[in-house]
Amino acid sequence: MTDISRRGLLKTGGLVGTALLSGGLAGTGFARLATAQDDPLYAAARKEGALTLYWGSYEQQTMEAIRDAFKAKYPGIEVQLLRQASQTVYTRLRLELQNGVAECDSLGTTNLLHYTELKKIGALAAYEPPDAAMLPAAFKGLDKDAMYHVGAISLTSINYAPGKVAAPPTSWMALLEDQWKGKITTGSPAFSGDVASWVVAIRRKYGDDYLRRFGQQKPKVGQSNVDTVTDILAGERVVGSGAPFSYTLTQKAAGNPIDVSVPTDDAILNLGLTGIPAKAPHPNAARLFTNFLYSKEVSDILSRNFWPTLRTDVAWAEGRSLDQMKWFRNTGDDLAAEVAEGIAKWKELVR
Amino acid sequence: MGVISTSSRDAVARPVMARVPLVKATILGAVVLLLVLLVVQPFGWVLFNSLHDDATGAWTLNNYARVVQSADLIEPLVNSLVLAAATALIAVGIGVPLAWLVSRTDLPFRRSIRVLTLTAFVTPSFIGATGWILLAAPNSGWLNTAWRWLAGEGAGAPLNIYSMAGAVFVCGIYTVPYSFTMVSSALDEMAVELEDAATTLGCGVLRTMVSITIPLAAPAVIASFILSFIQGLTLFGVPAFLLTPTGIPVVTTKLAEFYQLFPPEIYLAAAYCMPLLLVTGALFWMRRRYLGRKQYVTISGKTRAGRQIHLGAWRWPALFLALLLPTVAVFLPYAALLLVSLTRAWGLGLSWENLSLYWYWWAIFGNSETHTAIVNSLVYSTLGATLCVALGTLVAYIVERRMMPGASLLGAVATVPIIIPGIVLSVGFFAAYTRAPFNLYGTPLLLIAAFAATFLPIAYAHGGSILKGIGPELERAARSLGAGEARTFLAVTLPLMGGGLVSGWFLVFIPIIRELSVAVFLITPKTNVMTTLIYNAKDGGNYEAVCAMSVLLLLITLLLVAIARPLAGLTGARRTSRKTATAAGVPS
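Top to bottom, those sequences are chains H and F. Just so we're aligned, residue 80 is where the first sequence starts under this note's numbering, counting upward by one. Just so we're aligned, residue 48 is where the second sequence starts under this note's numbering, counting upward by one.
Among the hints, erroneous ones may be present.
25 Å max Cα-Cα, derived PhoX-like pairs, lysine-lysine [claimed, not checked]:
#1 LYS358(H) - LYS223(H)
#2 LYS358(H) - LYS375(H)
#3 LYS573(F) - LYS126(H)
#4 LYS152(H) - LYS573(F)
#5 LYS297(H) - LYS150(H)
#6 LYS243(H) - LYS219(H)
#7 LYS358(H) - LYS71(F)
#8 LYS573(F) - LYS150(H)
No lab work stands behind these hints: they were computed from the structure.
Using the sequences and the hints given, assemble the complete structure.
Written out as structure tokens, the structure reads:
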């Protein structure tokens, strides 16, 4: 279909044919195409014909759903998705930059530092996605030069096994009670960005004394904080600290005996970011995708997969929302040093 | 263990000079060129990186200074050496007797045990570790639960997989296939005159095995010990899963931390691999000292085919012992994986309502990426293993027959890649092949080349240990009858190596299929492989899918092995050597 010119497509016959091919009902497909067709950005993106996503935010399943929705809405653009861990994706992009290769059109990772660094070396392109207007106010205009934007909202909370715990801990402080000794599972800040954010936040709130007492609770330390869910489902431990909010809810929805407890002393919020590399081979397709992230379609997918949505007019799953919980986000210019210090303290005090 | 000399060292060392130097020069040139492209260049990049600063990119020796000065970096090295040595001891300690039982005795179900050992080999180490976590985690492990059920609630947990002992155990059992395959193919090729002589002189079965058979297989035993040791040094999955919770760092988990830092310390990671090279270099030096003065030739112009040892009353006890490895490496962990893969939500435990084939359906039909990934995995492994075995065998031949000055240097070069942990090597391949003039990024060739290079040491070591057992007499006979070196190699040596080469091919094919880290920066959406998908599912915590895909990966590989069996049978060692011997006019 990429061979058909835009003019040819505008002819009714071509339009109906394409609508049928795109797999939707002819009627809705027609309407969708007609509006998409008016978009000059889509026209430019179609001319490029391809899009390569390097994403570490969201797990494979959600990311594939977003990709498929994009393909359905914008036929004629071949989408390649590389889903790897955020840090792997970033390292790969750096290798590509060093070796003069340009493959990536859209980068999506969970670490703000990736973007401040890429911006510093002039490796990002500015773009203002119009649909980002519907983002929660707190996350609008993260970068004054519009080089990067929110790509994902990730919450770190407590999770637990409902059948085995009479009353779950309701705060980070409560995790230090005697009853949880030998019962806690968590991830390692040296391997998991979310746990590293948690360590930074908890040190800001309660200082190193918290880490010392947390260490005395003899937590089981896995690699990723996803391991907390595994340990709870397996029955190895009953309470998870620094645990992934969305993923726990996904597992709960799948029927597994697990639930989240949002701490009263703040869920830790970590932003996933997205940006377009300066040398992206398909810059228009990249812009189209970036704007698509803030569409209703994507927020619906996020809601279905228990992720916080990227629009104020799309509710989260189970009727939850950001306003209902207390949350805290690490900000500041010296986060890299704070993370390194946090990991060192963790190694000294927790294990 | 003074062993047998059938001819003097010099006679082996210097075959008749080539009469067609052009053909020989071309082949030697091609081998050297391939080694430069596949090994020297990527490794050169790793070395180059190790001499640069991560933050500034300037030349520096600081990375090495940090490695030797920081206690933080020395402790993981020591832990890795302990893990590697213990892994190698287990691998050889189990693999060698098992190989003897399967290759030389009338043990019942020999073929099944061969296949089951291969099955253990197919298992990516992180899958094996996952299986064993399900079995032997202190609170929830099924074996521990069973024990508490038998001995009473207060009985505690006899097994703790989250320990150094646990990691050694899992690394060990999944490394046994290396020693098993290498030693059993050496035993398959071996002639039996000396064993017969020992028996005639009144030696029992055990004494013959200990003082004749195993020493004759020494090159294979030692090569497999070294490979197992390296495997213990470079495995990531097992220590990441089993040692992180106990806070025991090893080199590979430390490397992962360097990559996880911001900014990532990639150049420091490169320098951190160099001590591994030194240690492995020392092992090879010791091997040379040990093997150098002895001869292990058993296939010569006078060869007869092998003979089976009757175990008699020991058959069934021996079978029980031989089944221990498949039990701990295949039956138990795969039973656990299979059960998880058959549940819709594994946290609900086993019940009829929770049983489902959903995840298999999802892995095969529900996920568009799986199809491409399966095809890619198979194509890359087949081509990569073929290239790897061809090159490794040629290098081994050149080194064993000393066909050119500096031949042993070629051997050293062919050994380097496997020592560098995959995640670091991946960066080396990236730098080596993505630039002009190669521009291989995004192409299958990039992965095939990287896989062939990574596992070249296995093909080389395996080829070398087979060649050490083949005497040069038949080659000389061919040469004196007028055949050139190339023709001699193709018509005499290669058929003699036959069955060993097929097992060598699997020894490379299977690790490629399950390899993860080397591919990490090299795969692109179009060239994705199965293990990356499995790891992504694990990363996303989708254990049911991980287990279903692992079971599928296992079934696919077993199916291939089954298809390849008749092929292996056709070129089977005994039959070939018997044919050759008959052709040479020797009654068999």
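Okay, the hints, checked on the actual structure:
no., hint, verdict
1, LYS358(H) - LYS223(H), "holds (21 Å)"
2, LYS358(H) - LYS375(H), "violated (29 Å)"
3, LYS573(F) - LYS126(H), "holds (21 Å)"
4, LYS152(H) - LYS573(F), "holds (22 Å)"
5, LYS297(H) - LYS150(H), "violated (48 Å)"
6, LYS243(H) - LYS219(H), "violated (41 Å)"
7, LYS358(H) - LYS71(F), "violated (48 Å)"
8, LYS573(F) - LYS150(H), "holds (17 Å)"
Violation of the numbered hints given earlier is confined to hints 2, 5, 6 and 7; the remaining hints are satisfied by the structure.
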